[in-house]
Each structure stands twice: as structure tokens, then as C-alpha cells.
Amino acid sequence: MRQTMPVRLGPAEDTLIAQLTSVGASAEADRMTVAGLPTRRVESYHYTDLKTLLKTVPPLATPANQASAPALRVAGAYQLMIANGVVQGASTAPAGVIVGKSAGGVLTSRDDVLVHLNGALAREALTLTLESSVDPVIQIDRRCEGDAAHVADAVKIFVADNGSAVILETFSGSDAAHVGNHATYLALGKNAVVTHITVDLSAKASSHFASNEYSLAEGAKLRTVTIHAGAGLSRSQVFARFVGAGAHADFTGLNLVADGQHNDITIDIRHGVAHTTSQEMYKQIARGRSKAVFQGKIVVERDAQKTDAKMMMQGLMLSDEAEILSKPELEIYADDVVCGHGSTCGELDEDSMFYLMSRGIPKAEAETMLVRGFIAEVLDPIEDEALNEALNGIVDGWLLGK
Amino acid sequence: MTTPILEIRNLHARIEEREILKGVNLIIPPGEVHAVMGRNGSGKSTLSYVLAGKEDYEITEGEVLLDGENLLEMDPAERAAAGLFLAFQYPIEIPGVATMTFLKAAINAQRKARGEGELSTPDFMRAVKTAGTELNVDTDMLKRPLNVGFSGGEKKRAEVLQMALLQPKMCILDETDSGLDIDALQVVSKGVNALRAANRSMLVITHYQRLLNHIVPDVVHVFSDGRIVESGDKDLALQLEAKGYADFDGAAA
Ligand SMILES: Nc1ncnc2c1ncn2[C@@H]1O[C@H](COP(=O)(O)OP(=O)(O)OP(=O)(O)O)[C@@H](O)[C@H]1O
Ligand SMILES: [Mg+2]
Numbered sequence: 373m374r375q376t377m378p379v380r381l382g383p384a385e386d387t388l389i390a391q392l393t394s395v396g397a398s399a400e401a402d403r404m405t406v407a408g409l410p411t412r413r414v415e416s417y418h419y420t421d422l423k424t425l426l427k428t429v430p431p432l433a434t435p436a437n438q439a440s441a442p443a444l445r446v447a448g449a450y451q452l453m454i455a456n457g458v459v460q461g462a463s464t465a466p467a468g469v470i471v472g473k474s475a476g477g478v479l480t481s482r483d484d485v486l487v488h489l490n491g492a493l494a495r496e497a498l499t500l501t502l503e504s505s506v507d508p509v510i511q512i513d514r515r516c517e518g519d520a521a522h523v524a525d526a527v528k529i530f531v532a533d534n535g536s537a538v539i540l541e542t543f544s545g546s547d548a549a550h551v552g553n554h555a556t557y558l559a560l561g562k563n564a565v566v567t568h569i570t571v572d573l574s575a576k577a578s579s580h581f582a583s584n585e586y587s588l589a590e591g592a593k594l595r596t597v598t599i600h601a602g603a604g605l606s607r608s609q610v611f612a613r614f615v616g617a618g619a620h621a622d623f624t625g626l627n628l629v630a631d632g633q634h635n636d637i638t639i640d641i642r643h644g645v646a647h648t649t650s651q652e653m654y655k656q657i658a659r660g661r662s663k664a665v666f667q668g669k670i671v672v673e674r675d676a677q678k679t680d681a682k683m684m685m686q687g688l689m690l691s692d693e694a695e696i697l698s699k700p701e702l703e704i705y706a707d708d709v710v711c712g713h714g715s716t717c718g719e720l721d722e723d724s725m726f727y728l729m730s731r732g733i734p735k736a737e738a739e740t741m742l743v744r745g746f747i748a749e750v751l752d753p754i755e756d757e758a759l760n761e762a763l764n765g766i767v768d769g770w771l772l773g774k
Numbered sequence: 329m330t331t332p333i334l335e336i337r338n339l340h341a342r343i344e345e346r347e348i349l350k351g352v353n354l355i356i357p358p359g360e361v362h363a364v365m366g367r368n369g370s371g372k373s374t375l376s377y378v379l380a381g382k383e384d385y386e387i388t389e390g391e392v393l394l395d396g397e398n399l400l401e402m403d404p405a406e407r408a409a410a411g412l413f414l415a416f417q418y419p420i421e422i423p424g425v426a427t428m429t430f431l432k433a434a435i436n437a438q439r440k441a442r443g444e445g446e447l448s449t450p451d452f453m454r455a456v457k458t459a460g461t462e463l464n465v466d467t468d469m470l471k472r473p474l475n476v477g478f479s480g481g482e483k484k485r486a487e488v489l490q491m492a493l494l495q496p497k498m499c500i501l502d503e504t505d506s507g508l509d510i511d512a513l514q515v516v517s518k519g520v521n522a523l524r525a526a527n528r529s530m531l532v533i534t535h536y537q538r539l540l541n542h543i544v545p546d547v548v549h550v551f552s553d554g555r556i557v558e559s560g561d562k563d564l565a566l567q568l569e570a571k572g573y574a575d576f577d578g579a580a581a
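Chains A and B supply the protein sequences, listed in that same order.
The letter at position 400 of the first sequence is residue 772 when you use our numbering, and the numbering goes up by one with no holes.
The letter at position 9 of the second sequence is residue 337 when you use our numbering, and the numbering goes up by one with no holes.
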């Protein structure tokens, strides 16, 4: 009994409906049948029309037991792995870390197709409880292995009051046309200090979708870094909610978009209580014929007086055929707040290039220096030297078109 | 005859349909310092940019040889590796690039292009320190992003510091004296003079005869409307100072 006109469904949607039905998620299957994948007419998918961009969806993943080297080597990091949605065995956890598993998805409900799909399809979640200050970088290697597969996986992290950690998640796998749908829920206790970095390094043929949800208690400090340097089609969503006074977060990211790619970072930051602050700083670099999308929404709820939020998007076009899009949105329901946003877009400065080259620095190296300068604001705050080097290495590799 | 370090033959260049260089001829033998003086807008900086390889200009005629090599076929980095150095009239500020990183990259890129090995970090630091002391450049300043927040005079001193580190064959100094205080002028001139050598030549663009008391040129050229209209010894600069350009380029002052 459908009231609405049925939408015309494509092969990707047909596969998704069958997959949802096969796991018993009939409500989600119905929803997909009625609404289909979002098109440009859905506001939050205006620039990333999934109906057009996601042409096919591969079969649901079968478990893989892969023990290959991590996608990114960071000296001294504690390694965890999820392969094709299955949490892999891990070595002894460092002090203050409890590693576990739970059934099902991890995100709170939200009317978003990627969130719905993950909730229905993720079978188990890796859970981490961080009880105190954790010394080594925690690296979670999330992989899509074998033949092209639709992979849903999930991670849930609780950081206790006064705890601190640096958490790196990398997304990678075989070269097949996977569709990865990843979810991370991260709750920061009072005065917890967390850096959470997600890096997409998956194959160009694949599609990468990630939804990260954050909750910040009183006095918590969070830094997020969302990096896209892999999949041909990607969308990373950052949903954050401030629930305790005195909390602060820096939401940052690098959207590195190569020829033929469409990569989207969409953030939705909610200041729910008084006296919280956030700074959003996203940099997009696009080359070839490509599209980079940033959507930044900040919501200041009625009780969230004294909110201070500043959002910035800076774009760097390395070709005339690249497109860099930015949609900032401020929704402010409190009256005593400081909120602002800005965005700029440009090419590499010719005079700077000439100056560097006039000192003997070859063109490619000069470009790398300027791009490193452009992104420094995002990577410089990463204090762990090995991690900082590894992240800069990703950018250098991307520039070389690896 | 020995090969000149720089040889410019009938060089014409235009920008956006406007001809700026209208037949420049200039030969600088090894070891010589030539000064170029001329009115604002006569094309002196344009000449320096064209020599360094800035893209904006279209070369319509002429030839430039650097120590016998065809300069115009090289990109700016290749020209630098071949031994050309331009001290900019207006050095560019580059936020996000640390001065030290830049200096090291420049030195090592040139060494690599010449088939030499990289300079070790201690050797590099020593070289920077020595040059910095000679030119009164505070090495703390070099921890900042390239030229960012440097005063006008500091920028000029940093240019000469780069020149001292890179040891070019052919130095072009575009108004390096402007913006320098009296003491800085002495220090910079001393630094430049220290670089004078039998196998290194210099082209010094300036508006002020005063600089030429410190850096004494072998030849002085008067530049007007895109070409050299008069050449002479260092006394030519004194005549210019006394009488202005009108006697030399025929235009009203
Ligand atoms: N991008 C440009 N487009 C058009 N004209 C230009 C451009 N750049 C320079 N010019 C013109 O070329 C002429 C020569 O300029 P240039 O900077 O070479 O003069 P200059 O001799 O160095 O002067 P100054 O003594 O003031 O430094 C000037 O008339 C200038 O306006
Ligand atoms: Mg000039």
C-alpha cells in the first residue's frame, strides 16, 4: 500500500532491496523501494546524486581472514583490523584499552540512507573502551578484500572521563569495485581528549561511504581529520553533538580528488548546550576532471548560548576541469553566539611557483611544497611524528598520482 | 675570446600584445659587474624576469646565452641549475613553506641537477649560519615561513643570503638596494662584493648612484624604452645622477 508514486528503481537499488530483504531488514527494504537512492532533489545529497553516481552494488561480502600489512605504516601504533565486516583477532591491548565485539550497528537513528544501510547490514561492531590515557596510536585497519563486495562494518568507541587517545582509521583493500559502508560511533567522556583520523585509501574502482558520529561531554576536546585519497566515489559524513559545556572540537579534513573522481565530505555539527566551541577547517584539492564537494552545516540549538563556531573551506584547483563545491549552512536558534563561515577557492599561485622554480626547485617539487603549505593547517596539529609523516606521505603520494 | 657569462642578442619580448623589450643587446664577460639604470617603467624588471624565465612574457625575437648555453629553452628551475640567479625587486611571500625547508630544497635541487650529492644537514646548517652572520640575517628569522612578515630590508637581505648559498654564475640584482637602511646597504654591498669572482658575473639594476660607490661596476648601461641606449664606465652613473635621463634617451624628464 504505497501512497507516493513509486520511483523508478535502477540496478543498484534492486540489489540493495534484495540484500536488505535477505538479512531480514524489511522496513529498510521497503524504504528503499519507496524512495530509492537519494537524488539531487534531496537537499543533503544535492551535489552527490547517489542514484546517478552509484550504478551497481556488488554482492554482500563474505567473511575474509586477511592478515596483510596495514594500509598505512605508523611506527609504534597498536593495530586492529576489520576485514569484510568481520572483526579480526588482535594482539594484547595496550594499557587502558579494552577491545571487544558487539552485535549490529552503532549509529543513532537518523534519516540518512547510508546510516540506514549500515544499521541494517553491519553484523558486528568492534568496540573499544579507553579507560585512561592511551599512549600508542590506535590504528583500525578496515578492509574490503577479495572480489567486489558490499561491505558494512562498524566501530564503537567510548573514551572515559579524563581519558585521551589518538585513533587512526584507514580504509583499504583489494582493487575490486567494492562498496564500503562504514560507521564509527565515538563518545568522549568529561574532559576526554581525542584525535580521530579517518583516511580513505581504498582502490579507485571502489566506492567509500563513512558515517562518523561523535558525542562530546563536558570539557571534552576532539580533533577530527577526514582524509579522502582513494575511492573514485566517496562520501564521509561527520555528525557531532555537543552535550556538555566547555567542550571544544576542531573538525578538519582534506578532500583530495583525482581525475574521474567524485568525493564528498558532509558535516553536521550540533551545539546542543551553552558554552561550547568548534572550528571547522576543510581543504579540498582537485585535479583532472573531478568534483570535490564540501557541505558544512552548523546548528546552534536554542539553549546553546555563548557558542563560538567558525567554519572555513579552502579549495585548490590543479586543473581547469576540476570542480570544487562548497555549501556552508548555519542554523542558529540562540541569540548570544559567535558564528561564521568563509570559503575561498584558487589555483596554485603563479608568482610563488615562479619564485620557487627560480631557485632551482623543479616544477613537481615546487607544486608539492606549495600544496604541503596549503594543507599544513590541517596536518600540523598532529603531534605524533610518525603519524604526521605518514599523513604527509599520503598527500605526497597523491600528488605523484600513485 | 672567452665565452661571456651572459650574452643577450636583439631580445624582444611582449606581454599581452604590448612590446616591452625592444631589442636588448648586452654582453657580460666573466668576472664583470654591469649596472643598469633607467626610468621607472623602462623595462628593467621585465628584462630580469625574461632572463629568469617567467611565463607571462612572449619572446618574439632574439637569443640569450648563459655561458654559451641557450637560456630561453630552459624552464626557470633549469636556468637556476645552470647558474642564473635573480634577486627579486619584490620577493614573494609564501606562507606555509618554511624558509629553511625552502633553502635546503633549493640547494639540493641544484646540486642534484648538476649530478652532485645532497648536502648533509650539518653542512647545510653551517653554510646558512656563515652566510647569515656575514649578511646580518638573524637565523631565527629563517624559521618563519618564506619571506612572510619580513620587513622590506629583511627581504632584500634574505635574497642576497640565498645568492650566497646558491653560488650562481650569473647574478641579477633588481633594485636590491631599495628599502635598505644605510647600515644594511653597507652590509649587503659587502656581501655582494664578497661574491665577486673571476668566474661570476653580475647585473645590478639600480636607481641610485650611491650603491655603485659600494659595488663598483665595470660597465654602466642606460636603459630606455625597452633597450640599452648608452653604455660607459662608472662615471656614466655620476653624469646620470647630475643631469637626469633626458640627455640620454631624448625624452622629456
Ligand atoms: N603584466 C603586465 N601587463 C601589462 N604591462 C605590464 C605588465 N607587467 C609590466 N608591464 C609594463 O611593462 C613596463 C615595464 O615594467 P618594468 O617593471 O619592467 O619596469 P622597470 O624598468 O623595472 O621599472 P621600475 O624602475 O619602476 O622598477 C611598465 O610600463 C609596466 O607597466
Ligand atoms: Mg623594476
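Since the hints were derived computationally from the structure, they do not count as laboratory data.
Keep in mind that a hint or two might mislead.
Keeping only pairs whose Cα atoms sit at most 27 angstroms apart, straight-line, the calculated DSSO-like set for lysine-lysine is [claimed, not checked]:
no., chain 1, residue 1, chain 2, residue 2
1, A, K735, B, K518
2, B, K497, B, K483
3, B, K432, A, K735
4, B, K350, B, K432
5, B, K497, A, K735
6, B, K562, A, K735
7, A, K735, B, K440
8, A, K735, B, K571
Do the hints match the structure? See the list:
Restraint check: the Cα-Cα separation between K735 of chain A and K518 of chain B comes to about 33 angstroms, which exceeds 27 angstroms; the hinted pair is violated. For the hint linking K497 of chain B to K483 of chain B, the alpha-carbon distance of about 22 angstroms falls within 27 angstroms, and the restraint holds. Between K432 of chain B and K735 of chain A the alpha-carbon distance is near 16 angstroms, which keeps this suggested pair within the 27 angstroms criterion. Annotation: proposed proximity of K350 of chain B to K432 of chain B is violated, straight-line Cα distance about 38 angstroms (limit 27 angstroms).
Between K497 of chain B and K735 of chain A the CA atoms are separated by roughly 22 angstroms; this keeps the pair inside 27 angstroms, and the hint holds. A C-alpha spacing of about 40 angstroms is found between K562 of chain B and K735 of chain A, which places the hinted pair above 27 angstroms, so the restraint is violated. Annotation: proposed proximity of K735 of chain A to K440 of chain B holds, straight-line Cα distance about 14 angstroms (limit 27 angstroms). Taken as a hint, the K735 of chain A and K571 of chain B pair is broken in the structure, with Cα atoms around 46 angstroms apart against an allowance of 27 angstroms.
Hints 1, 4, 6, 8 from the list above are not met by this structure, while the remaining hints are.
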